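Quick note on the numbering used here: the sequence shown kicks off at 1 and runs consecutively.
I should point out that these hints are in silico values taken from the structure, not numbers from a laboratory. Note that the structure is predicted; figures quoted are calculated from it, not measured. Be aware that one or more of the hints could be misleading.
[Said to hold, decoys possible] Derived CB-CB ranges, DEER-like:
(1) L32 with I106: 36 to 44 angstroms
(2) L50 with Q6: 17 to 25 angstroms
(3) I131 with T43: 43 to 51 angstroms
(4) W84 with V121: 28 to 36 angstroms
(5) L50 with A125: 17 to 25 angstroms
(6) R103 with R10: 25 to 33 angstroms
(7) W31 with G114: 33 to 41 angstroms
(8) F35 with M65: 19 to 27 angstroms
We put the CB at the ideal spot given by N, CA and C, even for glycine.
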Amino acid sequence: MPVTIQWYVRSALLYILASAVLGVLYQLDLWLHPFGFHPYLITVHVHLALMGGVIQMIMGVALWMFPLTTPIEERLHFRLLPAWTAYGLFNVGLLGRFFVEYRYRIPGGHLYGGLTVLTGVLQIAALVIFIVHLWTLRQAKRKPQ
Numbered sequence: 001m002p003v004t005i006q007w008y009v010r011s012a013l014l015y016i017l018a019s020a021v022l023g024v025l026y027q028l029d030l031w032l033h034p035f036g037f038h039p040y041l042i043t044v045h046v047h048l049a050l051m052g053g054v055i056q057m058i059m060g061v062a063l064w065m066f067p068l069t070t071p072i073e074e075r076l077h078f079r080l081l082p083a084w085t086a087y088g089l090f091n092v093g094l095l096g097r098f099f100v101e102y103r104y105r106i107p108g109g110h111l112y113g114g115l116t117v118l119t120g121v122l123q124i125a126a127l128v129i130f131i132v133h134l135w136t137l138r139q140a141k142r143k144p145q
């Protein structure tokens, strides 16, 4: 399995683990209040699980599997620049969201609203680059009729 795909999958697994740990810490805080977490931390928890874990795992597996019309040996000829660009933008956006969302939701954090939007834009840009890249791989492998 190429290194690029390994990074997608490993990162997804780390985000799932981080989300699980954050979820347990959040529940502990609801019960005993040792940390003083804000209720909006649940948004960050869910974002880490769904975007970081699930979506990034799908992206890694998709990069490995598509296009399905060709043998596995030929599928792995994806282009590194768009694959790494999507990975970088996605993770900068996701980690940025992790730090900024919480700060935005607490009193006095209104200025962080723009950064919260920017982190979402980075993730959308990463997904668009990734989808266009996969789509071009699929189109390139089709035989003319």
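Hints, one by one, checked against the model:
Roughly 20 angstroms separates the CB atoms of L32 and I106, a value that falls outside the hinted 36 to 44 angstroms. At roughly 21 angstroms, the beta carbons of L50 and Q6 sit within the given window of 17 to 25 angstroms. The beta-carbon spacing between I131 and T43, approximately 25 angstroms, falls outside the hinted interval of 43 to 51 angstroms. Remark: the range hint 28 to 36 angstroms for W84 to V121 is contradicted by a beta-carbon distance near 19 angstroms.
For L50 paired with A125, a C-beta distance near 18 angstroms keeps the hint of 17 to 25 angstroms intact. Judged by the Cβ atoms, the range 25 to 33 angstroms given for R103 and R10 holds: they are separated by roughly 27 angstroms. The given range of 33 to 41 angstroms is respected by W31 and G114, whose C-beta atoms sit roughly 35 angstroms from each other. Checked against the hint of 19 to 27 angstroms, the C-beta distance between F35 and M65 comes to roughly 41 angstroms, which is inconsistent with it.
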